[in-house]
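Student: So the protein sequences, as listed, match chains A and B.
Under this note's numbering, the first residue of the first sequence is numbered 1, with each subsequent residue one higher.
Under this note's numbering, the first residue of the second sequence is numbered 1, with each subsequent residue one higher.
Just to be clear, a hint being listed does not mean it is correct.
Repeated chains share a single entry, so a pair holds when one copy, or any two copies, can fit it.
[To be verified] Derived lysine-lysine pairs resembling DSSO-like cross-links, with alpha carbons at most 30 Å apart:
#1 Lys304 <-> Lys269
#2 Lys36 <-> Lys3
#3 Lys219 <-> Lys233
#4 Lys326 <-> Lys71
#5 Lys170 <-> Lys36
#6 Lys93 <-> Lys36
#7 Lys146 <-> Lys64
#8 Lys3 <-> Lys234
#9 Lys234 <-> Lys64
#10 Lys219 <-> Lys234
Hint data in this document are derived by calculation from the structure and do not stem from the laboratory.
Protein chains: 2
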Amino acid sequence: MLKGCATAPAKTILLGEHFVVYGEPAIVTAIDRKAKVTAQESPGTSIHITSDLGCGTFEGADFKTSDSCRKVRRILEPIRISTQSVLDYLKLKRGLDVNVESVIPVGVGLGSSSAISVATVAAVGRLFDGRLSTSDIFSLALDAEKFVHGNPSGIDQQVSAFGGILLYRKGGTSTRLQCPVELPLVIGNTGESRTTGRLVESVRQRHERLPNIMNQLIKVAGGLVEEGAAALKKGDLQRFAELMDINHGLLVSAGVSTEALDRLAHAAKAAGALGAKLTGAGGGGCIVAMSEPGEQSKVAEGIKRAGGEPIIVEKADTGVQSWLEK
Amino acid sequence: MLKGCATAPAKTILLGEHFVVYGEPAIVTAIDRKAKVTAQESPGTSIHITSDLGCGTFEGADFKTSDSCRKVRRILEPIRISTQSVLDYLKLKRGLDVNVESVIPVGVGLGSSSAISVATVAAVGRLFDGRLSTSDIFSLALDAEKFVHGNPSGIDQQVSAFGGILLYRKGGTSTRLQCPVELPLVIGNTGESRTTGRLVESVRQRHERLPNIMNQLIKVAGGLVEEGAAALKKGDLQRFAELMDINHGLLVSAGVSTEALDRLAHAAKAAGALGAKLTGAGGGGCIVAMSEPGEQSKVAEGIKRAGGEPIIVEKADTGVQSWLEK
Numbered sequence: 001m002l003k004g005c006a007t008a009p010a011k012t013i014l015l016g017e018h019f020v021v022y023g024e025p026a027i028v029t030a031i032d033r034k035a036k037v038t039a040q041e042s043p044g045t046s047i048h049i050t051s052d053l054g055c056g057t058f059e060g061a062d063f064k065t066s067d068s069c070r071k072v073r074r075i076l077e078p079i080r081i082s083t084q085s086v087l088d089y090l091k092l093k094r095g096l097d098v099n100v101e102s103v104i105p106v107g108v109g110l111g112s113s114s115a116i117s118v119a120t121v122a123a124v125g126r127l128f129d130g131r132l133s134t135s136d137i138f139s140l141a142l143d144a145e146k147f148v149h150g151n152p153s154g155i156d157q158q159v160s161a162f163g164g165i166l167l168y169r170k171g172g173t174s175t176r177l178q179c180p181v182e183l184p185l186v187i188g189n190t191g192e193s194r195t196t197g198r199l200v201e202s203v204r205q206r207h208e209r210l211p212n213i214m215n216q217l218i219k220v221a222g223g224l225v226e227e228g229a230a231a232l233k234k235g236d237l238q239r240f241a242e243l244m245d246i247n248h249g250l251l252v253s254a255g256v257s258t259e260a261l262d263r264l265a266h267a268a269k270a271a272g273a274l275g276a277k278l279t280g281a282g283g284g285g286c287i288v289a290m291s292e293p294g295e296q297s298k299v300a301e302g303i304k305r306a307g308g309e310p311i312i313v314e315k316a317d318t319g320v321q322s323w324l325e326k
Numbered sequence: 001m002l003k004g005c006a007t008a009p010a011k012t013i014l015l016g017e018h019f020v021v022y023g024e025p026a027i028v029t030a031i032d033r034k035a036k037v038t039a040q041e042s043p044g045t046s047i048h049i050t051s052d053l054g055c056g057t058f059e060g061a062d063f064k065t066s067d068s069c070r071k072v073r074r075i076l077e078p079i080r081i082s083t084q085s086v087l088d089y090l091k092l093k094r095g096l097d098v099n100v101e102s103v104i105p106v107g108v109g110l111g112s113s114s115a116i117s118v119a120t121v122a123a124v125g126r127l128f129d130g131r132l133s134t135s136d137i138f139s140l141a142l143d144a145e146k147f148v149h150g151n152p153s154g155i156d157q158q159v160s161a162f163g164g165i166l167l168y169r170k171g172g173t174s175t176r177l178q179c180p181v182e183l184p185l186v187i188g189n190t191g192e193s194r195t196t197g198r199l200v201e202s203v204r205q206r207h208e209r210l211p212n213i214m215n216q217l218i219k220v221a222g223g224l225v226e227e228g229a230a231a232l233k234k235g236d237l238q239r240f241a242e243l244m245d246i247n248h249g250l251l252v253s254a255g256v257s258t259e260a261l262d263r264l265a266h267a268a269k270a271a272g273a274l275g276a277k278l279t280g281a282g283g284g285g286c287i288v289a290m291s292e293p294g295e296q297s298k299v300a301e302g303i304k305r306a307g308g309e310p311i312i313v314e315k316a317d318t319g320v321q322s323w324l325e326k
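All chains, full assembly: derive it from the sequences and hints.
Tutor: This is how it looks when you write it as structure tokens:
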């Protein structure tokens, strides 16, 4: 039986997270860790989802699972909604088996959820020959995630769909940044999970208490992103990494770093990284370090010795990809 | 035989270090850890110095010591010069026994050297009934330290001589800040020594590479100090401590924090501190945490568990004090 297949990459924010909420730009890159989704028709109208994180069957919004874990529904719901959104868009009513395989760590700011949504939309679209454009895939995945996650910025879905490095501005147009060299990145996962919403809220409260100070910090972040975009275009990794270091300090000032994030950032640099910062919401999750070319494994070793889980990655120039399999 | 005795307090910088080099103000407080110096006449014209850190005899600039340690001269030289500066000021030529007892950790940014110089000047002045004013003591101690340390800002000597909390501006006048409450501070010593000059130079280099970004950061630091002065006047420790947290992030951005400093700052806050930051030059040395009133021992415990040496202190309203003993 024909299968629609798709992969979509994870992401890491290189500069500007949090301050993006206040209108400053951010730089985010797709990375070569992917979610893969396959979709094939099944009898009836139910959507059956299998994944490493659990499986279950949706009949409309009704959910059945053999798993005892209640969390499974929360994990599978966005996949169901992404699937359904494509069926609705194509005006189809079908039963589907959807399988998700992902090597993206979950809940640590690497855009796992968005990569899965994007790949799901693309796989289902490809199965029914929907000829969805990348923009369509982005929009459908974003709509599906809005349903589940409230009001996501769209940055994750965008970079996963289009790939590459994006200069992103909330509510504005994103531009793709060309970088003439590889980005030898090393992610360091603290293993601490966190809730993005709570961290965004804690920064908002600090902003409310100290608006002048925080507005000045936000401007510094905007300046960092501008300088960073220029450095990337020149392939000046050393300068870009110094900006990452400074950005980490701003995030410390915003109150979102933790002992583990600081420890991994120092460990990465002690092991030879040019610079390092927390990436994403903070409060746990990951750091991202810029290595010198060819030195990623040393940096990874340093992160590991400091208690983190290192993940060696490169930027991914390609976003979502889909194909048919027999 | 009559002894001139004096004590002078250590200091800790609460807000604004490093950025003070670029013209922004800083807030520094004297703390209730003191150096004590006693001076008495001895036959001849040599100056014999005894201290916990070593002892030796100066005949003019010639130095003799029974200690094998070469470092001793470097430690005792400022004491000799402080002593000599008072003798010169009073136009006296005498032999002296000078004894130094200090409970201020050395080389970690708490102003140990300045407190000793200030107390030395005051003790020698008192011995000869020099009726030195506090301003005289400050000036003589600063001149003596200039001879040894190149071009010190004078902040350490000033706060040690006058006591209290100072709003300090490089090359300008300092004003004393009144704070209606105690400051329940806890110092956390990493035990890592560092060279202030090297750290000031590293910030200068970052400033040279990224002047726009660094100038913006410097302005944020200035804003923090203004807000901090207002919070102190109201006795709003919570707000002041939040500004300390933000200031720590700026110092991370300036590149002067270390894994140990970040670790102790997090540990202090996890143990209940309202806020914490590195204090002084960074690159090692100490953090300073603002505790809630009555909770200093809990914060100290947290710092200890994280591998630091905790020192519970309060602001010292009194600066240098001198008296005669028989």
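Student: Mind listing which of the numbered hints don't hold for this structure, in increasing order?
Tutor: 4, 8 and 9
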